[in-house]
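Visitor: So the sequence lines, in the order shown, correspond to chains A and B. Numbering follows this note's numbering, with no gaps: position 16 of the first sequence is 16. Numbering follows this note's numbering, with no gaps: position 280 of the second sequence is 485.
Calculated directly from the structure, the hints in this document are not laboratory data. Bear in mind the structure is a predicted one, so any value in this text is a computation, not a measurement. Heads up, the beta-carbon is just placed ideally off N, CA and C, and yes, glycines get one too. Among these hints, one or two may not hold up.
[Unchecked claim] Computed cross-link-like contacts, SDA-like style, restricted to lysine to any residue with a CA-CA straight-line distance of at most 20 Å: (1) Lys68(A) x Asp80(A); (2) Lys197(A) x Leu383(B); (3) Lys68(A) x Asp214(B); (4) Lys24(A) x Phe216(B); (5) Lys68(A) x Thr356(B); (6) Lys197(A) x Arg290(B); (7) Lys280(B) x Asp80(A); (8) Lys68(A) x Phe343(B); (9) Lys280(B) x Ser106(A); (10) Lys197(A) x Arg78(A); (11) Lys280(B) x Lys197(A); (12) Lys68(A) x Met107(A); (13) Lys280(B) x Trp134(A); (14) Lys280(B) x Arg135(A); (15) Lys197(A) x Ser184(A); (16) Lys24(A) x Arg217(B); (17) Lys68(A) x Ser346(B); (18) Lys280(B) x Met84(A); (19) Lys68(A) x Ala357(B); (20) Lys24(A) x Tyr53(A); (21) Lys68(A) x Leu286(B); (22) Lys68(A) x Arg290(B); (23) Lys280(B) x Arg78(A); (24) Lys280(B) x Glu110(A); (25) Lys68(A) x Tyr53(A); (26) Lys421(B) x Gly219(B); (27) Lys68(A) x Asp317(B); (28) Lys24(A) x Arg290(B); (29) Lys421(B) x Arg491(B); (30) Lys24(A) x Asp214(B); (31) Lys280(B) x Arg295(B); (32) Lys197(A) x Thr349(B); (33) Lys68(A) x Arg491(B); (34) Lys421(B) x Ala435(B); (35) Lys421(B) x Ala407(B).
[Said to hold, decoys possible] Non-contacting residues of chain A with respect to chain B, defined by C-beta distances greater than 10 Å in every case (computed): (36) Pro47; (37) Pro65; (38) Glu67; (39) Asp80; (40) Gly81.
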Amino acid sequence: MARWGMVFSLARCIGCNACVVACKTENRLPDDIYFTRTFVEEVGDFPSVRRVYIPTLCNHCEDAPCEKACPSGATYTRDDGIVMVDQDRCIGCSACAVACPYDARSMIEEPSNNRGLFGGAEAPAAEPDVVDRWRAGTVVKCDFCSRRVDQGLSPACVAVCPTEARIFGDLDDPDSAPSRLVRSRNGAPPLPEKNTKPKVFYIDY
Amino acid sequence: MTGPAMVGDSFRLGYRFQRHWDVAMASAFFFGELGAGLFVVAMLSPAWPVLALGLLITGIGKPWFHLTHMGVPQKSWRAILRPDRSWTSRGLVGIVVFSGAGVLYTAAVATDGLVPLGEVWRIVAFLAALVVMTYQGFAMSHSTAIAIWSTALMPIASLLYALAGGAALMLVLEGLGLAAAALPALPAIGLGVTVALLVLQASLLHAAHNGTPGAKLSARLLLRGRYAPAYYGLVLGAGIALPLIALVADGQSLVGRIVAAVGLLVGFYAFRVLIFKVGVYEPVMRFGGIGAPR
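Put together the whole structure using the sequences plus the hints.
Guide: Laid out in structure tokens, this is it:
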């Protein structure tokens, strides 16, 4: 069984936000909900200033604090390491959201896309699962596009990245691209002091 | 003052306010701790109307505001399913046990021992009340995400504020002659708990000031930021200074007790709201020397 993870190359990311758009499209997210974001930060002093882009998403932690905080069992980890939310079980208490150090969870207040085509209940023929994809009042987050991963595809954000700044693969396979990058380029997880053992890593170059 | 570090909901790297637990959740915490605290303090001189009031405050106030906060209230019963790992589940178990044993103990007091096993219900209700008084603090301290919450002082804060709230209500109720017997030591108990609250606030700020950057920022928001007026005025002024003055000046009179009780309750509620308001998520990377965190 694979153990899925991702590596972000900070040097390669150009902040085009194609990943953000692809994620919103793939997951049919309401206006104010993002599963992935690309933060921007200016570093250095004039004249030696540069802009750095920092992609973020759910880190699918090995020791996921969100899972421990969830009182209803809605948050669980699949055998392949993807941390999921079962919307049928979620009660919308937000205990998981305040437990996540990465602020990677959002509450769906009123899914605008549940209104369907032209405000009716119909869905476009090409996208039959647009309507009722998300339940109002539940907490949602990135699931590494588990439906795509189950079909042997990479997550939507990885597939569209024009600079290959997002590298997805099996962390248990020592020859996979993310494993080699983490090993050879000192990949580091975000906020390691939180001891959540993320499966997402950052490399400088 | 929020400082340039606060980035709201933008795509900037920086600190973000936690926005998931709001005033409704703070109210649920307040009523849960207040009712259980009153029940425990009332056990010093058990009169069934006061015990019943404690049960009602916890049994109605807490679920009401929790259900207001819940995204899917009709499924809220599911919150009891994971006591093995979630403090929310453990707390819900505590509330159920507290309500059941509390009602039986109150009935035993009201009927003068006609309900069997009164002593057993008293002990079980007391232990369950302790769980209700503290579990919310454990739930907060368990979250490493919000640095100012991630301290062992949170359960102590829950316990002390619950006792303070219970003592505040009891001061008034006993002053009105509703306790089973006079409690001359009650003003001294109120005074002691209020002094403990002062030490607690100093400890919380000290721990935050010497903690992670996120905890420092939260402490700054309380002391010099946008929440400073409410913190100084309500939590410290009304919630600690006013009760201290009222209880030292005239703790035996009804007026002094009412002033102290109102101050304590205002400070208690303000603390519950503010500790949520100043909670911040830290940036996924530290500022300066940007690059992969080492």
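Visitor: Tell me if the straight-line CA distance from Lys280(B) to Asp80(A) falls inside 20 Å.
Guide: Judged against 20 Å, a Cα distance of about 28 Å means the pair is violated.
Visitor: Would the hint linking Lys421(B) and Arg491(B) be met if the CA-CA limit is 20 Å?
Guide: Holds, at roughly 14 Å.
Visitor: Holds or violated: Lys421(B) with Gly219(B), Cα cutoff 20 Å?
Guide: 14 Å, holds
Visitor: Is the Cα-Cα distance between Lys197(A) and Ser184(A) 20 Å or less?
Guide: 19 Å, holds
Visitor: Is the straight-line distance between the alpha-carbon of Lys68(A) and that of Ser346(B) 20 Å or less?
Guide: Satisfied, since the Cα-Cα distance of roughly 13 Å is no more than 20 Å.
Visitor: Assess, step by step, whether the Cα of Lys68(A) is no farther than 20 Å from the Cα of Asp214(B), and give holds or violated.
Guide: Given pair Lys68(A), Asp214(B) is violated - Cα atoms ~26 Å apart, limit 20 Å.
Visitor: Taking the minimum C-beta separation from Pro47(A) to chain B, is that value above 10 Å?
Guide: Nearest chain B Cβ is 18 Å from Pro47(A), so the label holds.
Visitor: Given the hinted pair Lys68(A) and Met107(A), is their Cα-Cα distance within 20 Å?
Guide: Status holds; Cα separation ~18 Å.
Visitor: Would the pair Lys68(A) and Leu286(B) pass a check requiring their Cα atoms to be no farther apart than 20 Å?
Guide: Status holds; Cα separation ~12 Å.
Visitor: Can the restraint linking Lys280(B) and Trp134(A) be considered satisfied, given a maximum Cα separation of 20 Å?
Guide: 16 Å, holds
Visitor: Quickly compare the C-alpha distance for Lys68(A) and Ala357(B) to 20 Å and report which way the hint goes.
Guide: 18 Å, holds
Visitor: Are Lys24(A) and Tyr53(A) close enough, with their CA atoms no more than 20 Å apart?
Guide: Measuring from Cα to Cα gives roughly 19 Å; hence the hint holds.
Checked against the numbered hints given earlier, the structure breaks hints 2, 3, 7, 11, 23, 25, 27, 28, 33, 37, 38 and satisfies all the rest.
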